[in-house]
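Sequences and hints are given; from them, build the entire structure.
These protein sequence lines map, in sequence, to chains A, W, R and D.
Each step along the first sequence adds one to the number in the UniProt record's numbering, with nothing skipped, and position 291 is 291.
Each step along the second sequence adds one to the number in the UniProt record's numbering, with nothing skipped, and position 308 is 308.
Each step along the third sequence adds one to the number in the UniProt record's numbering, with nothing skipped, and position 384 is 384.
Each step along the fourth sequence adds one to the number in the UniProt record's numbering, with nothing skipped, and position 201 is 201.
Derived from the structure by calculation, the hints contain no laboratory data.
Incorrect hints may have been included.
Since the list gives no way to pick out one identical chain from another, each pair is judged satisfied if it fits inside one copy or across any two copies.
As the list claims (entries may be wrong) - No farther apart than 30 Å at their CA atoms in a straight line, the calculated lysine-lysine pairs in the BS3-like style are these:
#, residue 1, residue 2
1, Lys60, Lys180
2, Lys200, Lys60
3, Lys117, Lys289
4, Lys289, Lys211
5, Lys437, Lys60
6, Lys410, Lys454
7, Lys180, Lys76
8, Lys76, Lys200
9, Lys405, Lys386
10, Lys76, Lys475
11, Lys426, Lys386
12, Lys405, Lys289
13, Lys117, Lys416
14, Lys120, Lys470
Small disclaimer: the values here were computed from a predicted structure and weren't measured.
In case you want the letters, here they are:
Protein chains: 4
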Amino acid sequence: MNQDFFQEFDENPWFKDAGVYARTVMTAESLPHILDEAIRRAFAQHGPAFVTIPNDLANKEIPADGYYSAAANFAKPVLGPGPDEQIKQALDLISNAKKPLIYVGQGTIGAADEVMKFAKKFQVPVITTALGKEIIPYDFEALLGSAARVASKPANEALQETDLMLFVGSNYPFAEIMFKPDVKFIQIDSNPQVLGKRHKTDVAILADAKKSLQRFIELGSDSAPSDWYAANVDNVANWHQYNDDMMNRTDGELRFEPAFKEINRISEDDAIYSIDVGDVTQNAVRLLKVNGKQPWITSGLFATMGVGLPGAIAGKLSYPNRQVFNLAGDGAAAMVMQDLSTEVAYHLPIINVVFSNDALGFIEDEQEDEDHEWFGISLPQTDFAKAAEAQGMTGITVTKVDQMKAAFDKAVELNKAGKPVLIDVKITNERPIPVEKLTLDPDKYDQQTIDAFKKRYYADNLIPLSEFLKRHNVK
Amino acid sequence: MNQDFFQEFDENPWFKDAGVYARTVMTAESLPHILDEAIRRAFAQHGPAFVTIPNDLANKEIPADGYYSAAANFAKPVLGPGPDEQIKQALDLISNAKKPLIYVGQGTIGAADEVMKFAKKFQVPVITTALGKEIIPYDFEALLGSAARVASKPANEALQETDLMLFVGSNYPFAEIMFKPDVKFIQIDSNPQVLGKRHKTDVAILADAKKSLQRFIELGSDSAPSDWYAANVDNVANWHQYNDDMMNRTDGELRFEPAFKEINRISEDDAIYSIDVGDVTQNAVRLLKVNGKQPWITSGLFATMGVGLPGAIAGKLSYPNRQVFNLAGDGAAAMVMQDLSTEVAYHLPIINVVFSNDALGFIEDEQEDEDHEWFGISLPQTDFAKAAEAQGMTGITVTKVDQMKAAFDKAVELNKAGKPVLIDVKITNERPIPVEKLTLDPDKYDQQTIDAFKKRYYADNLIPLSEFLKRHNVK
Amino acid sequence: MNQDFFQEFDENPWFKDAGVYARTVMTAESLPHILDEAIRRAFAQHGPAFVTIPNDLANKEIPADGYYSAAANFAKPVLGPGPDEQIKQALDLISNAKKPLIYVGQGTIGAADEVMKFAKKFQVPVITTALGKEIIPYDFEALLGSAARVASKPANEALQETDLMLFVGSNYPFAEIMFKPDVKFIQIDSNPQVLGKRHKTDVAILADAKKSLQRFIELGSDSAPSDWYAANVDNVANWHQYNDDMMNRTDGELRFEPAFKEINRISEDDAIYSIDVGDVTQNAVRLLKVNGKQPWITSGLFATMGVGLPGAIAGKLSYPNRQVFNLAGDGAAAMVMQDLSTEVAYHLPIINVVFSNDALGFIEDEQEDEDHEWFGISLPQTDFAKAAEAQGMTGITVTKVDQMKAAFDKAVELNKAGKPVLIDVKITNERPIPVEKLTLDPDKYDQQTIDAFKKRYYADNLIPLSEFLKRHNVK
Amino acid sequence: MNQDFFQEFDENPWFKDAGVYARTVMTAESLPHILDEAIRRAFAQHGPAFVTIPNDLANKEIPADGYYSAAANFAKPVLGPGPDEQIKQALDLISNAKKPLIYVGQGTIGAADEVMKFAKKFQVPVITTALGKEIIPYDFEALLGSAARVASKPANEALQETDLMLFVGSNYPFAEIMFKPDVKFIQIDSNPQVLGKRHKTDVAILADAKKSLQRFIELGSDSAPSDWYAANVDNVANWHQYNDDMMNRTDGELRFEPAFKEINRISEDDAIYSIDVGDVTQNAVRLLKVNGKQPWITSGLFATMGVGLPGAIAGKLSYPNRQVFNLAGDGAAAMVMQDLSTEVAYHLPIINVVFSNDALGFIEDEQEDEDHEWFGISLPQTDFAKAAEAQGMTGITVTKVDQMKAAFDKAVELNKAGKPVLIDVKITNERPIPVEKLTLDPDKYDQQTIDAFKKRYYADNLIPLSEFLKRHNVK
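Structure (structure tokens):
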């Protein structure tokens with residue numbers, strides 16, 4: 001195709017705005033340089049680079065002795081721990097706080113030990129972002145989970161009480177809604193552009209999170225056991241009990257929790273979880289009992305539905321020897337179901353789990369909360385097991401609790417034989433408990449309202465943080 | 001969600017570049033004006049307008065007494081026939097031409113009678129763009145079809161012979177490749193921006209195509225019967241015979257042609273054809289025996305695969321009482337197969353035909369022609385009938401000619417009962433005849449090469465235009 | 001410079017958004033096609049097209065036998081008068097209206113006779129957009145001028161009274177502010193995208209303005225003499241008298257009006273006025289006594305200061321034999337004063353008039369009206385005559401009324417000798433009368449307020465429209 | 001102005017592409033956050049951020065207790081010296097090199113001592129980018145100057161001989177043209193995106209330049225005195241002599257060099273040089289005898305003419321107590337001469353020097369070299385002294401060498417009195433010596449060609465590097 005014709009079409013502007021680099025190669029000679037630039041920028045800016053290679057160039061020869069090979073040399077800048085002066089200033093603030101929290105994001109990947117050591121030493125409970133789910137082991141006593149709606153009860157409750165936040169390696173976008181404006185605020189980040197972005201800071205430390213937390217631990221003295229910390233530990237235990245009870249339920253219509261029990265049961269020590277967007281994100285963030293070695297992938301910023309399947313494929317291609325899960329609701333699964341073919345064609349033994357409630361549950365709940373007209377939330381029934389079979393993959397349908405174990409055992413067996421599998425779990429459309437609007441505290445709600453809430457969400461044994469604070473004499 | 005947060009996200013730049021209008025509504029009060037503007041521009045510029053309405057506005061009231069309601073007044077500008085002086089100048093050129101052609105595009109929709117009358121009166125054979133397939137009835141004696149690769153043999157042959165082109169209502173982008181630079185060139189278009197864009201013009205008439213052709217007919221005298229015209233008519237008849245023979249074949253492995261025979265058979269008088277991209281586009285442009293009243297939709301400019309299914313849905317929603325076909329290859333069908341659900345959920349009785357050869361045939365052929373390495377053209381086998389069943393639609397698989405009639409009869413029956421259906425036709429991956437590289441003319445190729453071509457493409461009875469020109473003494 | 005390097009720099013995105021076409025030529029072969037495309041689009045879309053030609057191509061040969069030459073064929077589409085049915089519907093509305101107006105924009109350039117004939121026949125006073133200043137002769141009895149702030153008193157007053165508007169060939173952007181929502185509204189435009197854009201329409205006619213007005217005149221009967229029309233004619237005469245009085249003033253500090261008296265005096269029959277942005281736009285729109293043959297150029301949409309000088313250069317280059325004025329305030333003149341050189345270098349005898357009040361008066365007045373802090377409105381004193389001399393142009397400074405005539409006579413003399421000239425008129429910073437907030441009507445304001453207004457603006461003899469309506473018994 | 005109207009205008013797309021941030025404030029409440037974000041990004045990305053504040057907001061109150069104040073906390077990330085392992089690897093390469101060079105860019109600002117210590121210790125001559133002119137004192141014996149055209153003779157000659165380059169803190173865009181592909185290449189940069197971008201690297205060190213050079217010095221042993229180094233030192237001395245001779249010339253027509261002699265003479269120890277674009281950039285880069293404490297500003301990437309005056313204003317506003325020069329050619333000076341007013345209005349005592357040759361000399365020389373038609377390079381004569389006077393600034397014209405000293409003494413005197421001044425130096429249009437096409441080496445050119453070159457450029461005593469290499473027995 002001649003160039004005149006080619007010039008009729010502009011480069012896709014989306015590339016330019018969505019990625020860190022976008023270029024159409026015009027001559028074969030410039031191809032190596034452009035590819036090199038694209039790789040370098042993708043590495044440095046941690047984002048997608050787009051290079052368009054016109055078909056015309058498919059036959060052209062390029063000299064082998066490249067002038068450019070920067071990708072081979074790429075190095076990631078690492079900062080130090082930050083100045084002692086700032087760290088001491090921060091330690092002072094922490095020691096004067098009554099209800100401190102540490103809030104960690106993806107910048108603390110690889111620093112779980114430091115976070116947990118910090119939490120115990122200074123008696124500071126831990127919140128992670130939803131995207132940081134994988135960082136801290138589920139069973140750490142003071143892990144409150146994440147905040148807002150894709151979230152856990154203890155985290156939301158603690159955020160309403162806290163008087164100091166240590167915000168580490170995070171760019172959490174809902175800070176204006178979830179964080180109180182008047183708390184003391186200490187921030188550690190390696191990106192100067194993010195320091196102070198979400199909240200006015202009392203101390204802002206430009207540093208590597210892991211090194212900085214280490215230095216906090218070196219420079220600070222052990223705090224005495226704190227009632228605030230203890231109350232939060234109790235609150236976590238109560239919340240975990242609630243979730244365990246739900247996962248162990250065998251009566252009533254089938255809900256999503258028993259499937260998570262099975263997923264936890266069969267999960268290998270270094271399993272990779274690719275989580276789609278919707279109720280499943282919320283449920284996975286609460287119920288997966290991760291151990292700190294299990295990557296957890298989802299679409300955190302744009303909440304793009306359909307991300308579970310490609311994420312799982314990427315996981316399996318990158319780590320062929322690790323167990324990979326794709327967990328998706330039926331809305332998202334339907335958007336990408338034709339790519340089950342890809343798993344079959346490339347022999348990618350992935351465990352695909354679809355939660356089918358014939359609805360876009362997460363959106364339905366938003367509409368309920370905001371009194372919108374219900375709009376666009378019902379889904380046609382789909383037989384995902386059959387859709388898998390149409391593409392050459394074994395499909396299993398589960399409609400009752402007692403079919404669950406056999407289905408997941410079968411999935412493990414097929415995976416071991418090198419085959420992907422899909423389990424379609426047909427669940428009720430009952431709403432998961434909304435931790436962002438807990439209705440448990442008798443100081444805030446009348447008993448009738450509380451009872452209705454408990455009944456709807458099977459929450460008879462769920463206790464508000466306020467109660468634990470009272471028990472521990474925290475004011 | 002507060003506005004600060006909202007401002008973190010820019011408008012999708014793709015909207016701005018892809019459409020004729022893109023705006024995010026910021027206040028409820030401005031919604032009516034912005035919607036009105038969007039509608040007006042979409043009409044006037046004949047393209048998509050994008051309005052983003054933030055969820056925040058879902059509850060807001062808007063005064064009912066709108067200030068704007070321009071959509072109700074929209075009118076489409078229509079030009080006149082162009083100046084007589086130019087038309088006479090053009091008629092002179094035509095009467096002096098030995099081998100004139102008229103090449104018509106979408107600007108002649110609604111002007112089929114004028115085109116055919118013109119063709120006969122001035123003895124000028126007709127080419128249409130592929131997108132203009134629907135305009136002129138298949139059985140018009142001098143309809144050569146379309147040019148290039150998604151094309152017909154007579155059109156490509158005539159373009160190499162012609163000495164004058166009347167180019168009407170078209171913006172055909174491959175003109176530089178397909179049109180000879182030195183032919184006389186007369187152009188009629190209602191868009192001043194397109195006059196002369198594709199070829200230097202001898203006469204360029206800014207006019208409404210239909211009115212202008214009428215005026216040509218009024219002002220010009222009848223031409224004497226022309227050997228050039230007669231030779232082309234014979235060539236068309238020979239090409240039609242070749243295609244009929246292929247559609248009637250019952251031996252050998254199953255090819256796509258017998259399915260088109262059935263489609264022609266069951267097509268209603270005002271059927272709508274939504275055609276996907278790939279070999280199916282080429283095959284449909286050659287084999288569908290349209291009558292001038294049957295819309296033919298595809299993705300002509302960007303050749304976007306997967307367009308068949310949404311096109312059919314749009315067709316059925318717009319014209320609920322007309323028969324609608326979705327014809328797609330397996331590559332394209334796989335891209336959008338999860339939307340068969342939509343046909344079921346909205347009770348849209350569409351006839352979906354998938355041609356499965358487990359390959360991206362059109363690209364495979366390009367790679368064959370340009371000596372590329374074969375790359376990315378094989379497809380995993382999919383049982384599309386089962387995929388349809390998974391979504392609640394009847395699916396039928398056809399693997400032999402003798403199953404064909406029953407399958408299409410069943411489709412008609414289901415449609416009449418208000419139900420969509422999918423027929424998966426399992427075909428060989430033999431290449432359709434490449435009319436852009438015909439190897440038939442003994443003046444250009446040796447007999448062995450010609451024989452190999454004829455054998456590969458079942459073309460024993462196919463005769464080159466050169467032979468017809470000789471028979472009619474055209475030099 | 002090699003292409004790799006070149007690719008480091010993207011095309012200027014501003015080009016893409018600001019113009020109708022933007023392309024960087026990559027090969028010499030594609031240059032003719034791209035230039036042809038650029039010209040065609042610039043003509044068709046009536047806007048700037050940008051072609052970037054890399055320096056690398058400066059030495060390359062291009063074959064002379066161009067394939068493209070569309071510019072030569074360009075034709076502008078012209079519509080008809082619109083359907084009689086719509087015109088009759090509109091005539092009915094007009095004949096039933098009590099206080100009709102016709103509001104004409106640039107789409108009526110060339111149709112002054114039709115507009116004036118229409119106005120008299122149907123007894124409808126005329127408003128023009130500010131950009132349409134040149135269309136209708138100043139001395140037409142029913143020409144109310146333009147509306148809003150760069151405007152005339154009679155137009156603003158009539159808009160508050162009217163019950164029907166005929167809106168012709170205009171896309172006036174302040175319609176929402178200046179037009180009443182409930183008037184009957186008839187629109188004529190050749191651009192379907194503009195019909196209804198500014199106001200809900202009762203009749204929307206897609207048509208050529210001139211042809212359509214002719215048809216109105218043919219189809220409609222003469223209206224009886226109307227009191228509404230007569231009152232407006234009187235109002236215009238009173239307003240003209242006020243302006244004449246101001247232009248004839250000889251006492252007090254020097255104001256801008258006496259300079260306009262001189263400009264009117266020396267203006268040739270086909271003079272071209274290039275008007276800069278600021279108070280000068282407002283003053284020129286009120287005071288220039290144009291005759292319908294004198295083009296009037298300014299920056300109407302973005303109000304770009306500094307536009308007067310380049311506009312005058314463009315005017316003189318396009319029409320070397322016509323008299324050209326550049327009228328600018330000192331703020332705008334300072335922005336582009338280095339281009340006086342260009343007038344000298346290219347021997348362009350232009351009359352440059354600068355009005356110096358050491359302030360950005362137009363903005364100052366906005367800040368006064370909206371109670372802003374005064375900000376960024378004072379200017380350093382500049383000796384523009386000396387600045388002209390520095391660049392080889394004769395500069396004249398006028399500080400008193402009695403120097404005015406000689407200065408302008410000298411300007412004419414220099415121009416006749418082929419030389420440009422600059423006259424720097426040093427004026428007071430008194431505010432021009434704000435017709436958008438007239439304080440004259442005793443039904444609306446107390447006498448003290450009216451008196452203060454009259455005193456400040458020398459408006460003792462200025463009479464509100466309400467008074468003329470009373471005199472003519474219009475209710 | 002209501003929002004509907006406002007929405008008619010899109011944000012200026014240029015802002016979005018040219019800056020690091022672009023946002024229109026939509027509500028008064030969001031103003032503090034958006035300003036904070038803009039400041040933070042401007043700091044972090046070292047570029048302009050654009051915030052558009054609609055006039056509507058000018059009266060709105062904003063709560064004083066801001067949530068955001070990130071600008072106060074901004075910190076710049078600083079890396080370490082890089083790994084010892086890499087530094088040792090680099091030291092090995094350097095000790096094995098015969099003709100090493102160190103090439104330093106703006107990343108070494110503040111590291112002049114380290115660069116000079118490195119140069120002497122390892123016997124490595126130094127090249128700076130043109131933008132790095134200010135870093136190393138002019139009189140450092142082994143400072144070769146900068147490369148290419150805005151450049152010095154010794155740097156260009158050394159680049160053709162070198163076998164190893166240490167490339168530090170630079171993103172020099174002409175590397176592909178000026179650097180040999182096969183030299184050993186060591187790079188130090190703090191930006192991972194730049195490592196390897198301009199040349200394949202043998203060692204690529206992600207590090208802070210200053211710290212890394214210190215570590216080189218600590219880890220490496222002293223090199224023995226090197227003939228290569230000595231030859232380059234001699235070459236620098238010869239080049240300096242040539243420039244001194246030119247600056248001291250008193251006969252012939254006035255050239256630019258004597259003015260630079262005066263500028264050097266009156267320059268204070270911490271003077272700031274704002275240099276415009278054109279021949280003046282080239283001349284300043286060669287002739288200003290900077291001492292390492294004198295900032296040197298120009299437009300290095302886009303070579304934007306007219307940058308000298310605003311640069312000087314910025315310099316004076318930022319450092320009111322330092323001497324500031326604006327050095328510009330007449331082409332550039334004419335583009336911005338109306339802003340001399342600004343220096344007067346804000347009492348900014350700047351020394352403006354204009355070099356007037358009535359031509360765009362730099363472009364003229366490019367056209368000479370590339371055999372283009374001469375196009376667009378002549379300028380109208382302007383009396384810049386008078387133009388300054390028109391704006392209230394003292395202007396001085398110099399046409400002879402013997403007026404020079406008095407003019408610059410007067411400038412100093414006026415500056416001391418708090419007043420800006422402009423000196424217009426009227427010079428010949430003789431071409432400055434083209435160091436990128438030296439014609440001196442008898443091994444490469446015949447004597448006649450050499451003689452013509454020497455005559456044209458007064459270069460009788462200029463000696464090629466090849467001669468010094470011979471004298472020092474370097475092969």
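Task: Alpha-carbon proximity between Lys76 and Lys200, which holds within one copy, between copies, both or neither at 30 Å - done: Both: 29 Å inside a copy, 18 Å across copies.
Open item on the list: Within a copy, between copies, both or neither: which one fits Lys410 and Lys454 at a CA-CA cutoff of 30 Å?
Closed with: So Lys410 and Lys454 fail the 30 Å test inside a copy (36 Å) and across (54 Å) alike.
- [ ] With 30 Å as the alpha-carbon cut-off, assign the pair Lys120 and Lys470 to within, between, both or neither.
- [x] within (22 Å within a copy, 73 Å between copies)
Open item on the list: Reference check for the pair Lys117 and Lys289, CA-CA at most 30 Å: within, between, both, or neither?
Closed with: Classified as within: same-chain Cα gap 20 Å, cross-chain 58 Å, threshold 30 Å.
Task: Intra- versus inter-copy proximity for Lys386 and Lys405 (alpha-carbon distance at most 30 Å) - done: both (20 Å within a copy, 27 Å between copies)
Task: Alpha-carbon proximity context of Lys200 and Lys60, limit 30 Å - done: between (56 Å within a copy, 23 Å between copies)
Task: Intra- versus inter-subunit Cα pairing at 30 Å for Lys60 with Lys180 - done: between (61 Å within a copy, 25 Å between copies)
Open item on the list: Within, between, both or neither: how does the pair Lys426, Lys386 come out at a Cα-Cα threshold of 30 Å?
Closed with: both (14 Å within a copy, 20 Å between copies)
- [ ] Can you give me the call for Lys289 and Lys211, within, between, both or neither, at a CA distance of at most 30 Å?
- [x] within (27 Å within a copy, 45 Å between copies)
Open item on the list: Checking an output row: Lys76 and Lys475, CA cutoff 30 Å. Within, between, both or neither?
Closed with: neither (46 Å within a copy, 40 Å between copies)
- [ ] State whether the alpha carbon distance between Lys437 and Lys60 is at most 30 Å within one copy, between copies, both, or neither.
- [x] Answer is between; shortest inter-copy Cα gap is 23 Å, intra-copy 62 Å.
TODO: Using 30 Å as the alpha carbon limit, work out where Lys405 and Lys289 are close: within a copy, between copies, both or neither.
DONE: within (18 Å within a copy, 57 Å between copies)
Of the hints listed earlier, those the structure fails to meet are numbers 6, 10 and 13, in rising order.
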